[in-house]
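Full structure from sequences and hints, please.
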Amino acid sequence: MSASSAFNDEKGGSSSVGEPEYGHDPASGGIFSSDYKRHDDLKEMLDSNKDSLKLEAMKRIVAMIARGKNASDLFPAVVKNVACKNIEVKKLVYVYLVRYAEEQQDLALLSISTFQRGLKDPNQLIRASALRVLSSIRVTIIVPIMMLAIKEAASDMSPYVRKTAAHAIPKLYSLDPEQKDQLIEVIEKLLADKTTLVAGSVVMAFEEVCPERIDLIHKNYRKLCNLLIDVEEWGQVVIINMLTRYARTQFLNPNINESLLEEGGGGEKTFYGSDEDEDDDDEDDKEKKAEAATLAKRKPYVMDPDHRLLLRNTKPLLQSRNAAVVMAVAQLYFHLAPKAEIGVIAKALVRLLRSHSEVQYVVLQNVATMTIKRRGMFEPYLKSFYIRSTDPTQIKVLKLEVLTNLANETNISTILREFQTYIKSMDKDFVAATIQAIGRCATNIGEVRDTCLNGLVQLLSNRDELVVAESVVVIKKLLQMQPEKHSDIIKHMAKLTDNIQVPMARASILWLIGEYCEHVPKIAPDVLRKMAKSFTNEEDIVKLQIINLSAKLYLTNSKQTKLLTQYVLNLAKYDQNYDIRDRARFIRQLIVPTEKSGALSKYAKKLFLALKPAPVLESPFKDRDHFQLGSLSHLLNAKAGGYQELPDWPEAAPDPSVRNVEVPEWTKCSSREKRKEKKVEKPFYSDSEGESGPTESADSELDSASGSESGSGSEESGSGSESDESEEGSESEQESEEDKEEDKKKKKKELKKPVRESESEQSSEEEEETKREKKSKQRKSDSESESDEEEESESESSQSESEDSESEAEVKKKKKAADSKPPPKPVKTENKKEKKEMSLLDLDDFEPSPSPQVTPVNTFMSNSLVTDLEGLSLSDSVLSSATITPSSASKSYELLHRITGEGLSVEYCFSRQPFSPDGNMVAVQVQFNNSAASETKNLHMEDVKLQCGMRVKEFPEIELLPAGEAATAVMGIDFCDSTQAANFQLCTHTKKFFVSIQPPVGELMRPVFLTENEFKKEQGQLMGMNEITERLTLDAKCRNEHTIVQRVTTAANLSRVPCGSDKECRFAGRTVTSGSLVLVSVVTKEEGAAQLTVNCEKMVIGTMLVKDILLALTQ
Amino acid sequence: MIHSLFLVNASGDIFLEKHWKSVVSRSVCDYFFEAQERATEPENVPPVIPTPHHYLISVLRHRIYFVAVIQSEVPPLFVIEFLHRVVDTFQDYFGVCTEAAIKDNVVVVYELLEEMLDNGFPLATESNILKELIKPPTILRTMVNTITGSTNVGEQLPTGQLSVVPWRRTGVKYTNNEAYFDVVEEIDAIIDKSGSTITAEIQGVIDACVKLTGMPDLTLSFMNPRLLDDVSFHPCVRFKRWEAERILSFIPPDGNFRLLSYHVSSQNLVAIPVYVKHNISFREGSSQGRFDLTLGPKQTMGKAVESVLVSSQLPRGVLNANLNPSQGTYTFDPVTKMLTWDVGKINPQKLPSLKGTMSLQAGASKPDENPTINIQLKIQQMAISGLKVNRLDMYGEKYKPFKGIKYMTKAGKFQVRT
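Note that the protein sequences, when read in sequence, are chains A and B.
Our numbering puts the first residue of the first sequence at 1, with every later residue one more than the last.
Our numbering puts the first residue of the second sequence at 10001, with every later residue one more than the last.
Keep in mind the hints are simulated off the structure, nothing from the lab.
Computed cross-link-like contacts, SDA-like style, restricted to lysine to any residue with a CA-CA straight-line distance of at most 20 Å:
hint, chain 1, residue 1, chain 2, residue 2
1, A, 347, A, 321
2, B, 10193, A, 413
3, A, 495, A, 465
4, B, 10240, A, 321
5, A, 424, B, 10193
6, A, 315, A, 226
7, B, 10366, A, 465
8, A, 522, A, 496
9, B, 10366, A, 421
10, A, 347, B, 10227
11, B, 10240, A, 313
12, B, 10410, A, 353
13, A, 194, A, 216
14, A, 424, B, 10374
15, A, 383, A, 353
16, A, 424, B, 10279
17, A, 383, B, 10203
18, A, 315, B, 10245
19, B, 10413, B, 10374
20, A, 151, A, 195
21, A, 428, B, 10037
22, A, 428, B, 10042
23, B, 10398, A, 1027
24, A, 428, B, 10370
What follows is the structure, given as structure tokens:
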């Protein structure tokens, strides 16, 4: 074997003192000369033309590195081979480079160009590996190159390269922390990535570079929660830990009411510290301020749906095979879940106890902390913590700790019986720990105190000194609780002084006798006599206790002990240890009255023989939970470097709407403009938005203003779009001014509308197309049932105070509109008009309103398409065009934000029309809007970057776009049936913008018409791997056939297939490029249960489509 | 996260080091050696050791300490779990994970470590992906490589890393398509002096060896899935399907893997397959002790109890043991005081016994601790909990695979206190 021979060859060569040698080769004599020679040899091999020689040389070198030998002098010879064709040589050179580049910075630069070339390689894996090595070379000069490479890779179309980019971020950060700001931008961008591959790595980068920037998580929170189960296990751990911290800052304590209850009822323990109670008070105060009269009672706690989402999505991970993942979920539940739900983690943690002893060690530490706060959780698993003689000592001691924490009145007898057997163990350290544990049980549980004490006294006659000593120490503590009853035990222990040698035990006995000398008046002076005799031979702690004993006896029984005391004090005066000399001097002054002695000596008795409180035997794990469980800091009970504190729960929940992912819509423009003027000081991270995918939303500055209604009560978490928000604001403001009861009722009704709007908003965020008008109209009927709670209006009004007011006139108009209670749609349009009136000055931003412009066209088009195709299909004509129309409304995505585009905003939507020049392309309708003061010329696209196979048909150049005008163009993209983004540059006569278009999977197909039989036949051929079935519970509002059809067709460009059963809806389509069939069927059952089946040859498309449709149907 | 890794052998030599960030001097291991000296037993070295600038997290496997150097906060289990995964990978690659095997394959080890961590964060830990990247050394391949100069490093780029099923490689081909499943259950029990059970539970695993062509989609269903109380899955198992239907549905990894491990709910009474009659006593003043042990089958459902091995740590005062086994052989190590008795198969007609005397240190007082007896055993063709696989189906591929299911019961941590 080549590697092993390399080993042997190497062995004789470079050896330094203290270096371990393996299978020493006696033949290797001359050390240094041969060393140099051998390296020459290697150099020669590296310079040769043969790959096999190079490989052999590299293997030897790597073997040297592995053993920690210095091979740095070979650097020039090795670095030359960085461009070697042979993959293994290349890999080994990389290993070498990463190891030594830091030491040989100048030479390392020689290799950089190879990696730069690699970064441009068409193969994603080569790009990734080039970036990986480039970023691992710790050479400061190349920081700018690395930065550039990372930025480029972060927008690479391959998720694997993006993952590598995420890995590179902390490397660059550790090399040059000054790059932090730029790196945060990259992190922000990668956080918006939707692939599971990237999620774990980027969160890891986030944790290392900017864990304090919790605001970056808001927009990605829900996505991370939803992706979590599919992320690789190491990423899961990092994400869960981060989300725990996030949740602590964003949600309310779910146990807040309960802790209050317990306080009121005088419960055994308050689970949360006193500061929590203060929080409650503060909150109450605020409430009072906000609305004095109404709320005398506390408001009931309602969990934020996002909080629930986190708990729900992490729970299955308790079943992971990875102990770290299980632990991460366990700590998340411990820190975040309501008390009633924490129990689920116990079983999983107990399961981990079957694992390797290191895993047990860590898990038991955490269980020990948990048992202090939540004892009930582990009580059913008491027996799982029983100790086996084969356990390592450190595990035994930890199990003992857990058993002790779990002990209560009901199980103490079984636990004590177990302890009884442990005391006979051969492992003496463990026995000592058991005795300590018995002591703690005795102090905690009054009923068994005497039994324990008797048991411990019996141990005093044990043959093992360690056992006896430990018992003495524990008995001492127990006796302190009720000394008068146990003078016989004290006598018994006094006798032990003759035999027992362990200093701590001797000291304990002496202290006991001194403290309770009244109970043993005859024995005490005798003990002192013996001790005085052996004083000089004792350990320091014993000496101190002898002095202590003599002082106490002198005070109570000076007649008998005066001389003895003086003798002891004299001995101590000349002791070697200054502590003892010091103590002797101090005590002599105190107890022996002289002329000079002051007032203190009068109180000597009180000083020495004061009643002392009994010690509390506490678990060493008490209060450890202020560290995040599962962390290194918790394990060590000391803050480790880089530990992020677990924040306390907030007093009041921060605005939950920050997590809403908004998709820009045309209607938003005017109010956005307004808001911008008001809140300029808010940070605005919009630089990267143009390039990023559709999930990213730039409107972070708006969020603070949005309503908090969802957080306080209703089921829906989203907040409305901006126009609605501002509307709400003004309404509630007006309400709070007038403060009339009837108004409130009205407002509630109105509030429902924004909530509804927000629902649609939320679903649209999940990448499905929404027709807002339709939806709200339809929902109107069933959403009346939503209960509005009082605090809703309350928070609403308090919030409105902070909000800038709108003009009175508008408010009145709007009120009028609300009073008449028209259906939502008219209200909306009316509001829009009002806005227009009001914002006449910055009208350029608003005109023209494109949504009415886009929608009718689409409706028309797809309707005609339907009729066209209907003619082709042989099936019955049940298919009414009405069932299909809902799908025709297109959702628009932002391509270029107005700010980034310097006045030019561009949005795109998938119009779902066939793209006439090329049937394999998806038609994308692009809407340009020039809100700048000057005109824009020569709008066209350039520099299209696509993954192989993808094609783009560019839109015709727009010669001129005058200020304030809008224009529409249609382009075609062949996405090759993948959701990879198409990146290109959008050019005007002055500027170029990098933009990308990424299609939702539902847009990658076109509808086809099948008959029921055809459908069944095709479905039969797409079984097994090509079939994905999911069970789901339909959203309450989505249980009729019509809504299902509407939602599915909105999510994906499919057409309905007729079906005999009214319990089943079927859809069919073909992917645009390859024409693979996509079959979807939704079978509804009782109580909203349903089964979704997707059959598609392309598994990836199938799985993605299932996700999208699932979302559409459940949200 | 993980800065460096040092491999330390039983005699305290560092025989391999690997750094993922800046080089950490191996002198950091001195703190580890200190802790090692302090610990009486090798397994008592604390897994986490703080040093002034670093933290050392170590695991002990196969008498090798894997010491990872950490610089800042990281969940300790994260590191521990990773280190165990490293060991598992080595075992998978080299058959054994010994110092010699690692040294023989130092280059492969290095390549593996390089792929498994990037900048200290796990990159590829799935053995199927790793095997695509770096082919495991076989004798044949090593020979071919030395002659032709070809490499162990896969020419193909690992597609698994990019796929939706990262645990399975693509393009797997077998002439014989077979899928074997082993249901192995272990009984953990503590039996007290009088023979009554203090605690007993059953833990089980299903290990699979799947060699199937293409992308098969398997489902495995049980006759009595309710028995399974707490389960943990290989990532390939579709969790939702299990939740809803109690059916294991998965696309298997290629080769050997652990499909799931489970715990049998504690409501069910655990059958204890053997009983032990024991009489171990020491008399005060005498330098002799009596040792008398008899084993017998208890609840075995008619199956034979095989491969029985009894071991016991005798008190320190015992100098030697002079025993007489009715079957099998026994050994006593006077240094560790470990008594082992290899019984073999229990014959219900003629119960195996081990009788004799122990000699104690002259003049020493009688030891007051009682040894515990650890028992290992095997029962073939039976899962003690009664778990039964109902059927195994394959979808997605056309061929008919050969399927096999084997049951076995073992003693896990089975202890009898005396």
